[in-house]
Amino acid sequence: MLTALYIMLGLALALGITLGISALLFKVEGDPLVARIDAILPQTQCGQCGYPGCKPYAMAIAKGEADINQCPPGGDAGARALADLMGVEYKPLNAEHGLPKPKSVAFIDENTCIGCTLCIQACPVDAILGAAKHMHTIIASECTGCELCLAPCPVDCITMQPIAETPDNWKWKYPVIPIKAMPADGSLV
Amino acid sequence: MNSIIQFASRLIRGQTAETADVHKFHGGVHPEGHKQLSTTLPIAKLAIPQKLVLPLRQHVGYIPKIKVQVGDHVLKGQMLAEAEGNVSAAIHAPTSGTVSAISEAVIPHPSGLPDMCITLMPDGKDEWTTLQPTDWRNSDKKALVASLRSSGIVGLGGATFPTHIKVRADGKSQVHTLVINAAECEPYITCDDMLMRERAHEIIKGMEIVKYLLNAEKCIVGIEDNKPEAIVAMSEACKALPDTSVKVVPTLYPSGDGRRLIHLVSGIEIPHDKRSTDVGIQVFNVATVLAIYRYFTFGEPAIDRIVTITGSVNTPQNFEVLFGTPLQTLIDAAGGVQPDTSHFIMGGPMMGFDLPTIDVPITKAANCIIAATPDLFAPPPPAMPCIRCARCADACPVNLQPQELYWFSKSDNFEKARDYNLFDCIECGCCTYVCPSNIPLVQYYRYAKSEIISADKAKEAADLARERNEFRLARIEREKMERAQKHAERAASSKAENAKTETAKTEEVKAEVTGAAERPAASTSTDDAKKAAIAAAIERAKALKAAAAQPGDTQNRPELKAADTPKTIDKPAQTEDEQVRAEQAKKDKQALIAAAIERAKAQKLAAAQAGVTPKNVEDASPAVKAEISEIDAIREKAKQAVKTHDSDSEA
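Each protein sequence line maps, in turn, to chains H and R.
The first sequence runs 1 to 189 under the working numbering.
The second sequence runs 1001 to 1651 under the working numbering.
With the rest of the complex left out, here is chain H (with noise of 0.2 Å):
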């Protein structure tokens, strides 16, 4: 009776060093989830959920303050993909965070362009380039097509252009079998 009391005892010692052996051993960095929801996230920095940038929208949803739908460049697709890594319900994009919009980039137009600086401060990835009282152009490489710069231009140099389809980026379509209008009478050609 006491031998069996003393194994166990024993085994749950040695068990219990173990594991605080190994939680110190092999201690996660960071939060593991904060970064698998933004890796998730479309990496915009526009800041349309809410929040000033991906990363605090991700600390957000962890925490459980935001909900995951307020992500519009990430659209339905990326709701899904944060409903099914979260465990919750899907929810449709909440419309109050705005609506997903094709992709675009931002583009000074350089005539117009004062060079005040204003949209670098903006720009949450650096993208545009440019010097006090010099011209300003984009980095359409870079830019995430976040709007941001588009507020603060003093003289609304800047537009959003839409990403033209280019054999580049062109994309085999989805097969559909082309409908045909049957005759009137009904009869099989």
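FYI, nobody ran anything at the bench for these hints, they're computed from the structure.
Treat the hints loosely; a few may be bogus.
[Stated by the list, open to error] Simulated pairs of lysine to aspartate or glutamate, EDC-like, Cα-Cα distance not exceeding 16 Å:
1. H:Lys-55 - R:Glu-1470
2. H:Lys-173 - R:Glu-1470
3. H:Lys-173 - R:Asp-1354
4. H:Lys-171 - R:Asp-1412
5. R:Lys-1457 - H:Asp-168
6. H:Lys-171 - R:Glu-1451
7. R:Lys-1449 - R:Glu-1404
8. R:Lys-1459 - H:Asp-156
9. R:Lys-1065 - R:Glu-1084
10. H:Lys-55 - R:Glu-1467
11. R:Lys-1601 - R:Glu-1583
12. H:Lys-171 - R:Asp-1456
13. R:Lys-1449 - H:Asp-156
14. H:Lys-55 - R:Asp-1463
15. R:Lys-1457 - H:Glu-142
16. R:Lys-1637 - H:Asp-156
17. R:Lys-1457 - R:Glu-1415
18. R:Lys-1457 - H:Glu-165
19. H:Lys-173 - R:Asp-1463
For this one, chain H is given, so just place chain R on it according to the hints.
Same frame as chain H, but now just chain R:
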């Protein structure tokens, strides 16, 4: 059991000794060949057309950089666009003439979208630029490969992969076998067949060059057994080159696929995640080898190719066509189309695509143009549901599970499709060919592939954006820290200096005064010193004025206070220097006042704008709530801007 059946079928078919040692790959189909249509006439040279349109995108990889301008007169073989980046190919003028436009035009691409093209108006002289043949036997291999980069030669079998990359030694693997792809398994296409019949000796010379470049030990030419004339011609020519053999492979689509052909001729199956060079084999198309021969022996870059024009044209034939020739010219040369022609297919009927319009040029990829009629290519019957008969799996030459891939692609389950090795699919169309439900399987795979590729690109862009955003936040934080540190340092040093300079100054001034009294007749050296001091003072005053004009710059104010204010008043024996100083001190004060006013104004302005400007620049890490309010403000403004923009555009 399988081996018995194979043995029996071999007996029945009465295979020759040559085909006995080929290693059959899994699957494959036997579509109707239709090759005899275009093999009755020899290869003809197409006359120079009225206009040549050369798309920049004629190969796999980066588009080349344009080297000419509109209005330039170019000679035949002159480089029009230069290879840019690693995977890219140059484009040369197919004939002499004038560049009339560099603009967008429809290119032969399944999208039917326009792309950048160089339009050349031939002058009819067909005048060559100075060609530089290379003595390849006595040249450095690296130099040869480098020169091949500017040859514009790409894989002419249809894949259009830049050739210079394929002969480049990567240092990892040694190629021991060169396989020449002459299988030409797709129905209708006969350009390689005719090329081998007519120019076998040139092809052999090209093989010799490629073999030398690759350091290969042996060379195998794989030809399907439906091209007896080509087999004879090549076998005859191959006698001139040691360690070279012609291997006849049975006619089975898709034996012309590189990996399938390697399997057929050598029995080696290349792992799906490896390249053929990893096992020491490199594959070249016959036409590519010929182009390499012409480039090194005559210096001729890639300016033309053999194109099969067949289908419902009046005289199907192979033509030697300059790149950029309008399709219509080629069709006219083939006697025009029959009246019921509905559309044109570029490439073969299995892997090719319907041309969006007839107004497209012939490019490096155009091995075959088929004029299609509803009789030849009946529109596919409506697709029926998949019955999981797995006939597609039996036909798949890559040993995939096409029916599974179909389910995943159809339901947008892309991750799963990727797991089932969707990207190993060569889009040969065998599955579509055998499907009893007429499901356009390859179209689903193409759709899934391009969706996955674009999602991957988006992910890459998102990762880049995240990195840049994090770097920006870190930078702002760092700048803030640096600023705070600077402030602290300056505050500390100005305190210490205040105390020090006051005593030092008074002593200095005293010494100066006594010195002046001792030597009233000033020597030249003190004069110079004085002048310098005056000049310095004037300059300082100027700098101060400038500083006053720029209120943001507050750098040198504390020193001014410390250095210049205390000493002006009680010095009765004022030297010239000190008069200047006194004046300057007055100016200093004015400047300081002006600067202060300016600063106050600027602060007021900033305070007024604080509500609307994106202030997350200034404070990167404070409480989330503050930031939310800022973002709200920004969005408010954005909404207004959009509204006004909308109303503007409406107006």
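Checked hints:
| no. | hint | in the structure |
| --- | --- | --- |
| 1 | H:Lys-55 - R:Glu-1470 | holds, 9 Å |
| 2 | H:Lys-173 - R:Glu-1470 | violated, 36 Å |
| 3 | H:Lys-173 - R:Asp-1354 | holds, 14 Å |
| 4 | H:Lys-171 - R:Asp-1412 | holds, 14 Å |
| 5 | R:Lys-1457 - H:Asp-168 | holds, 12 Å |
| 6 | H:Lys-171 - R:Glu-1451 | holds, 7 Å |
| 7 | R:Lys-1449 - R:Glu-1404 | holds, 15 Å |
| 8 | R:Lys-1459 - H:Asp-156 | violated, 31 Å |
| 9 | R:Lys-1065 - R:Glu-1084 | holds, 6 Å |
| 10 | H:Lys-55 - R:Glu-1467 | holds, 11 Å |
| 11 | R:Lys-1601 - R:Glu-1583 | violated, 27 Å |
| 12 | H:Lys-171 - R:Asp-1456 | holds, 13 Å |
| 13 | R:Lys-1449 - H:Asp-156 | violated, 40 Å |
| 14 | H:Lys-55 - R:Asp-1463 | holds, 12 Å |
| 15 | R:Lys-1457 - H:Glu-142 | holds, 13 Å |
| 16 | R:Lys-1637 - H:Asp-156 | holds, 12 Å |
| 17 | R:Lys-1457 - R:Glu-1415 | holds, 15 Å |
| 18 | R:Lys-1457 - H:Glu-165 | holds, 15 Å |
| 19 | H:Lys-173 - R:Asp-1463 | violated, 26 Å |
In the structure shown, a violation is registered for the earlier hints numbered 2, 8, 11, 13, 19, in ascending order.
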